Every structure is written in structure tokens, then in C-alpha cells.
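At the far end of the sequence shown sits residue 275, using our numbering, and the numbering has no gaps.
Quick caveat, the hints were computed from the structure, so don't treat them as lab data.
Treat the numbers as computed from the prediction; the structure is a model and nothing was measured.
Take these hints with a grain of salt, some might be off.
No farther apart than 30 Å at their CA atoms in a straight line, the calculated lysine-lysine pairs in the DSS-like style are these [as the list claims (entries may be wrong)]:
| hint | residue 1 | residue 2 |
| --- | --- | --- |
| 1 | Lys-245 | Lys-256 |
| 2 | Lys-198 | Lys-245 |
| 3 | Lys-198 | Lys-225 |
| 4 | Lys-172 | Lys-225 |
| 5 | Lys-225 | Lys-212 |
| 6 | Lys-212 | Lys-198 |
| 7 | Lys-198 | Lys-172 |
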Amino acid sequence: MNFRDGLPIYQQIADRLMDEILAEKYLPDERIPGVREYSLLLQVNVNTTVKAFDILARQGIIYNKRGLGSFVSADAVKIIRHLRSDDVLNGMLQELAKQMYLLGIPMEKVTDRLQQLVNEEMATPTVG
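Please model the entire structure based on the sequences and the hints provided.
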């Protein structure tokens with residue numbers, strides 16, 4: 148995994164696991180790789196992965212079964228979509244609005260391009 152600067156590695160691991168859940172790599176009530184296995188896969192320290200799993204458990208995205216491991220919660224997709232939509236609305240759109248203003252980009256041009264991108268995404272099969 149290629150890690151980005153400016154965002155803690157444990158958060159990037161949590162984000163990756165959320166992406167995998169959204170892509171249906173792991174389904175509700177399905178076991179996910181253990182902390183050690185996931186750490187080896189990503190070549191990171193086990194403690195970093197533990198922190199990522201703890202975040203996801205606190206958010207209700209995964210849950211633990213003693214002796215069996217971690218599992219995807221039944222509401223995981225709904226929770227992730229809610230969290231991510233808040234991030235988009237509060238972060239990405241704010242930056243977009245700022246850049247539109249600074250560059251003088253009209254709203255119509257943005258909505259046309261956004262619709263084009265949405266259509267392209269909908270036409271692309273999900274990889275999972």
C-alpha cells in the first residue's frame with residue numbers, strides 16, 4: 148500500500164478497509180483478515196493496524212467475536228456512506244467552491260462535468 152503524507156497511517160488503513168467493505172470484498176457478518184494478517188499484507192506495524200481496527204469498531208463498522216476475530220457489522224455500509232458523505236459535503240465541496248470562486252468557474256460548467264463523471268462511474272463495473 149502506498150501511504151499518503153498528511154494523514155496518519157492508521158487512518159489510511161481504516162479508509163482502505165472501508166473501501167473494501169463498500170466494494171463488497173467483505174460482506175456483512177463476514178470475517179475480515181486478522182490484525183496480524185492485515186499488517187503483513189500492508190507491511191505495517193501490528194500496533195498501527197490495531198489502532199485502525201479500534202477506530203472501525205468504535206464507529207460500529209466492524210465488531211469482534213472473542214476467539215474468532217473481527218467481522219463486518221450489518222450496518223457497515225450505511226455507516227461508512229454516512230461518514231463519507233459528511234466528509235464530502237464538509238471538505239471536498241468547500242474546497243471546490245473556493246476554487247470555483249478563485250478561478251471564476253461557472254456553476255453550470257461544474258454541474259455538467261460532475262454529471263459526466265457520475266455517468267462514467269455508473270457505467271464502470273465495480274471491481275471487488
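Do the hints match the structure? See the list:
{"no.": "1", "hint": "Lys-245 / Lys-256", "in the structure": "holds, 15 Å"}
{"no.": "2", "hint": "Lys-198 / Lys-245", "in the structure": "violated, 34 Å"}
{"no.": "3", "hint": "Lys-198 / Lys-225", "in the structure": "holds, 22 Å"}
{"no.": "4", "hint": "Lys-172 / Lys-225", "in the structure": "holds, 16 Å"}
{"no.": "5", "hint": "Lys-225 / Lys-212", "in the structure": "holds, 21 Å"}
{"no.": "6", "hint": "Lys-212 / Lys-198", "in the structure": "holds, 17 Å"}
{"no.": "7", "hint": "Lys-198 / Lys-172", "in the structure": "holds, 21 Å"}
Checked against the numbered hints above, the structure violates only hint 2.
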